[in-house]
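Residue strings, one per chain:
Number of protein chains: 2
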Amino acid sequence: MSLAEFALIDRIRARSRARDDVVLGIGDDAALLQPAIGHWLAVTADTLNSGVHFPPETLPEDIGWKALAVNLSDLAAMGATPVWGTLALSLPEAEAPWIDAFADGFFELADAHGWQLIGGDTTRGPLSLSVTAFGQVPYGQALRRDGAQVGDDIWVSGTLGDAAGALWLWREGGLDVTRAAQDDGMEYLRQRLLRPTPRVTLGHALRGVANAAVDISDGLLADLGHVAARSGVRAQVWSDALPISPALAHLLGNDVARDCSVQGGDDYELCFTAPAHHRDTLHALALGVSIKCIGRVVEGSGVYCDGYDGLRGYQHFGDDDAG
Amino acid sequence: MSLAEFALIDRIRARSRARDDVVLGIGDDAALLQPAIGHWLAVTADTLNSGVHFPPETLPEDIGWKALAVNLSDLAAMGATPVWGTLALSLPEAEAPWIDAFADGFFELADAHGWQLIGGDTTRGPLSLSVTAFGQVPYGQALRRDGAQVGDDIWVSGTLGDAAGALWLWREGGLDVTRAAQDDGMEYLRQRLLRPTPRVTLGHALRGVANAAVDISDGLLADLGHVAARSGVRAQVWSDALPISPALAHLLGNDVARDCSVQGGDDYELCFTAPAHHRDTLHALALGVSIKCIGRVVEGSGVYCDGYDGLRGYQHFGDDDAG
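Residue numbers (the working numbering), protein chains in the order written: chain S, 1 to 323; chain P, 324 to 646.
Next up, chain S with everything else stripped away, as it sits in the complex:
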């Protein structure tokens, strides 16, 4: 498919916006970029496979959005500003309508963040998308997993468990991921699964305020567990403090909703810790996203959540992700 292949790359390239700091974009042996002085480069790489990280029937525009969103979410969790990245796309067939729809979703999110695609590769094979995304963060201001301090509050953004709830409904046959749901609550959950919002603005605002941060991709317990392990502390979570959307509670009931919020992955909200004296600051940030205090950092190790002791995090529905 070599000729179609080049046409395919051109089709994707034509959609990418041009940043001033890209000296040379797609089309040479490598792209050339001008890193900002005084900044670290943040780099993350995540792969989505069909049938593992999203239902096989998911629409290409939603796949495009999500493939980039999960990577921008990692940059958000570092407090970094997204700048550039690459895409390795494996496709069973190179069909122009599929590519165009994929690009619609991918570049809708890319453009919203001023992020430029600067390279990649397309090969024939089972549908798989690997994005490597770069961000920039001023020296010394990155949010890391290893900075949580005893006494810190534990916070999360948005609501938890919505994506897991949507998957639960999809598995039960109650949710069609390929079309808008009639029910408003159902549609809300569907959007939360297919179109997660990377919390980039919140990540910026947390620089200099939060001591540690992580994005919730594998579930609150699993991801907060990484923070606790790397910081050498214990995370104490109050299960009745977890933010749950009305839609999730209504459609799945309080008990299942709670389970989803504790263990469900794929929400891409931020979980962070901050000293108690920053409480007012945090509430005043007015970031367009709600944040809620859900626990406290204490001495010890591991994550404790009343009623959920000993449970591990959510596995992606195909049981197959490295995080």
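One or more of the hints may lead you astray.
Stated by the list, open to error - Far from chain S by the CB rule (all over 10 Å, computed), these chain P residues:
1. G508
2. M509
3. V579
4. H601
5. R602
Said to hold, decoys possible - Which residues of chain S face chain P? A few of them, derived with a C-beta cut under 10 Å, are:
6. G27
7. Q34
8. A36
9. L75
10. V131
11. D146
12. S217
Calculated directly from the structure, the hints in this document are not laboratory data.
Beta carbons: idealized from backbone N, C-alpha and C, even for Gly.
Mind docking chain P on chain S? Use the hints.
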């Protein structure tokens, strides 16, 4: 395979050396890197799929080497120094011996170039390896495809067609890629296919000397065609000037050897153009790799090679690569 998955990542991480400019390596939401002042960042991404870019029975240590080599070759073609990169690895099963052998080959080459793995993702699926590699090159000194000038000599490094010759022998059943060949010439070709040498040192030396450069991954005609197209010139190649190894000529005969050298891909030698007044400089560079003048840049468009007019470049043996 989640627990095995984390063990697998740890297994790979333990093998990666630590560069001083890596502030934070694998293990957080993103790695943090300190770009060198006064340098551009060069970024390339290439995917290898089993059965498409290498024979399915290829040993893991050879797959590891090649997955990185094809990317470092792209950096070499830009005149860039390899620094860091990510690996997205899709594996049918996470078997420790396979991973260890893969890491042997991958890090043998990485360490030789002081290149550090700083992130990645592992998923279950058909064997596929996507590397995104970063290099650094001083401002304004990158070798690009668009700089060839009328009157330039056209040069290539090493010998051409060896990898294509090895694949030809493998297809005919005459070459086992999984073990050393008894015949010295056969073994030479096998190594050329499985363990290509990225010409990083040559790429450095060509900064300020060459006007344009490309690495030969899809075949001389195809890759030189990119240079001609982007530079707005015509490349005139003398087919009897092409450097052919004694092993290739001996095992495949002069005619097939010539075909391989003109159209064969996967050699990962550099092809570059330079003004005639640099001829003595180039021969004096003593780079540990032979270079040979094979043609001239003239006015016009396209690539002309006597006896091969109208032919396109080599397709990877599975007919499925984007370059």
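Results for each hint:
1. With a minimum CB-CB distance of about 30 Å to chain S, G508(P) clears the 10 Å threshold, and the non-interface call stands.
2. Against chain S, the non-interface label of M509(P) holds: every CB pair exceeds 10 Å, the least being about 29 Å.
3. Every CB of chain S lies more than 10 Å from the CB of V579(P), the least distance being 22 Å, so the non-interface label holds.
4. Distance check for H601(P) against chain S: the nearest CB is about 21 Å away, which clears 10 Å, and the non-interface claim stands.
5. Against the 10 Å criterion, R602(P) stays outside the reach of chain S, whose nearest CB is about 24 Å from its own CB.
6. For G27(S), the shortest C-beta to C-beta distance to chain P is roughly 7 Å, which falls under 10 Å, so the interface hint holds.
7. For Q34(S), the suggested interface contact is upheld, since its CB lies about 6 Å from the closest CB of chain P, less than 10 Å.
8. Hint status for A36(S): holds, given a least beta-carbon distance of 9 Å to chain P, under 10 Å.
9. Restraint check, L75(S) versus chain P: the minimum CB separation of about 6 Å is within 10 Å; hint holds.
10. With a cut of 10 Å, the hint placing V131(S) at the interface with chain P holds, because the nearest CB-to-CB distance is about 9 Å.
11. With 10 Å as the threshold, the beta carbon of D146(S) comes within range of chain P, its nearest partner Cβ sitting at about 8 Å, so the hint holds.
12. Because the closest C-beta pair between S217(S) and chain P is about 9 Å apart, less than 10 Å, the hint holds.
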